[in-house]
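Residue numbers (this note's numbering), protein chains in the order written: chain A, 21 to 142; chain B, 144 to 434.
Check the hints yourself; a few may be wrong.
Stated by the list, open to error - Just the calculated beta-carbon pair ranges, DEER-fashion:
#: 1; chain 1: A; residue 1: Q27; chain 2: B; residue 2: G411; range: 46 to 56 Å
#: 2; chain 1: B; residue 1: M144; chain 2: A; residue 2: Y85; range: 21 to 31 Å
#: 3; chain 1: A; residue 1: Y85; chain 2: B; residue 2: D206; range: 51 to 61 Å
#: 4; chain 1: A; residue 1: Y85; chain 2: B; residue 2: P209; range: 39 to 49 Å
Said to hold, decoys possible - When the alpha-carbon atoms are kept at most 25 Å apart in a straight line, the in silico SDA-like pairs for lysine to any residue are as follows:
#: 5; chain 1: A; residue 1: K123; chain 2: B; residue 2: H373
#: 6; chain 1: A; residue 1: K62; chain 2: B; residue 2: G266
#: 7; chain 1: A; residue 1: K29; chain 2: B; residue 2: H369
Said to hold, decoys possible - Reference excerpt, derived from the structure (chain B facing chain A, CB under 7 Å, subset only):
#: 8; residue: Y315
#: 9; residue: T323
#: 10; residue: D341
#: 11; residue: V342
#: 12; residue: E344
#: 13; residue: Q361
#: 14; residue: V414
#: 15; residue: K418
#: 16; residue: Q422
Hints were generated in silico from the structure; no laboratory data involved. Beta carbons: idealized from backbone N, C-alpha and C, even for Gly.
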Amino acid sequence: MNEILTQEKSIYIQIREMIENDILRDILLEEERVPSTNELAKLYAINPATAAKGVNLLVDEGILYKKRGIGMFVAKGAKRQITEKRKKNFYEDYVKSLLAEAKSLGISRQELVEMIRQDGDR
Amino acid sequence: MSKLTAKGIVKTYGKKDVLHGVDLELESGKIYGLIGRNGAGKTTLLSILTAQNPATRGTVELDGQPVWENPKVLEHFCFSRELSQTSTSGAAAMKVKEYLEIAATYFEHWDQATADRLIQEFGIEKKKRINKLSKGMVSMVTIVVALASKAEFTFLDEPVAGLDVIARERFYQLLLEEFTQTGRTFVISTHIIEEAADVFEEVIMLDEGQILLKENTQELLERAYHISGHEEEVDAATKELEVHHEEKLGRSKGVAVLLAPGQTLPQGYDVSVQKLSLQKLFVALCGEEHV
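Chain A with its partners taken away, still in its complex shape (with noise of 0.2 Å):
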């Protein structure tokens, strides 16, 4: 929760996904509270109406879940399933940007496979 923001996706994508990783990386462990909307305002100096919104993307994708009255809570099996949906996401946040690159640089599929190949021997 102690990344810093930027100015390259919206600030409310960047909350969903810092507390995404902070799921990931077990600082948030599954059954925990995360932080409340307030706190996290504060801490990034963001609007709060901001953070709910990054924080209800999470709530409507069943990563975390409210309790009435005491706050969000990361769900069962919420590191499972970020990861099952970066995997999706794998080709269109990573592969496709990739070989755009490679097409500009004239770099062949060939080459590229043989890259990743290599790189996997290292």
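Keeping the supplied structure of chain A fixed, place chain B upon it in accordance with the hints.
Then chain B, alone, in the frame of chain A:
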């Protein structure tokens, strides 16, 4: 929930029109940012909304009640003005202590404990005259008044002017603390847009006496992009889009783009697409015709 509604506000000073027909609706429980160039009419608008200055034409109402000379409404308002450092009369000539005493009697819901705590934290010398303080210290006095007023609708005019970066960050923290605890409505004008952008739930851009836009800050920024690359490619990619602030260097061209709500970026062009910050968007929208 309360609503502050301004309709058709015109303000004329002599022959000069400062505001030409401003319509604005502010809901309670939000932090609004008011941004605009020097002379855009920000201070005039704030002073009219808070009934410290009569509009030439138009109305301001809180939940249907006129604001002008209406103590029932005005007890919920605080307009913490920018204080002059150079003036030798009025508030500027007072000692900080005297100014705060007047504020304490004027504001119905004044919280002396908050005022004392902030005075101490900021290290404001209460015995000094306001026009003997540094610019940053003067701003801090206006911040103390705004926060301690506990007014439901609080308006701050350039609260961070002259504050160093650490004091500015502390101000936003204090503001958010107060906001999350009380849900008070804040309207804040500022020229330091970049660092305040994330604090504002909604942003109001005032340009030459007119409201250019009023929108949820995050939703606005989701429509704002910078597109650059080969001129022909950029032109093709942005043909259908609202384009601002073109810049060219040789064959290269960059433009700011504001998508219409629901519109998406065209795909398949060899261009760089970057997100625009609120400050860059403001420059693109308000810095175009005149420098």
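Going down the list of hints, with the structure as the test:
Under the hint 46 to 56 Å, the C-beta atoms of Q27(A) and G411(B), about 25 Å apart, miss the expected range. Checked against the hint of 21 to 31 Å, the C-beta distance between M144(B) and Y85(A) comes to roughly 28 Å, which is consistent with it. In this structure, Y85(A) and D206(B) break the distance hint of 51 to 61 Å, their C-beta atoms being roughly 37 Å apart. In this structure the hint that Y85(A) and P209(B) lie 39 to 49 Å apart at CB holds, the actual value being about 47 Å.
Of the supplied pair hints, the one linking K123(A) and H373(B) holds, its CA atoms being roughly 18 Å apart against a limit of 25 Å. With a CA separation close to 23 Å, the supplied pair K62(A) and G266(B) stays within the 25 Å bound. Taking the CA atoms of K29(A) and H369(B), the gap is about 13 Å. The hint holds against a cut of 25 Å. For Y315(B), the interface hint holds, the least distance from its beta-carbon to any beta-carbon of chain A being 5 Å, beneath 7 Å.
With 7 Å as the threshold, the beta carbon of T323(B) comes within range of chain A, its nearest partner Cβ sitting at about 4 Å, so the hint holds. Using the Cβ-Cβ criterion of 7 Å, the hint placing D341(B) at the interface with chain A is satisfied: the shortest such distance is roughly 4 Å. The interface hint given for V342(B) holds, since its Cβ lies 6 Å from the closest Cβ of chain A, which is under the 7 Å cut-off. Using the Cβ-Cβ criterion of 7 Å, the hint placing E344(B) at the interface with chain A is satisfied: the shortest such distance is roughly 5 Å.
For the restraint placing Q361(B) at the interface with chain A, the shortest Cβ-Cβ distance is roughly 6 Å, inside the 7 Å limit, so the hint holds. Because the beta carbon of V414(B) sits about 12 Å from the nearest beta carbon in chain A, more than 7 Å, this interface hint is broken. Hint status for K418(B) relative to chain A: holds, with the closest Cβ pair at about 6 Å, below 7 Å. Taken as an interface hint, Q422(B) does not check out: its beta carbon lies about 10 Å from the nearest beta carbon of chain A, beyond 7 Å.
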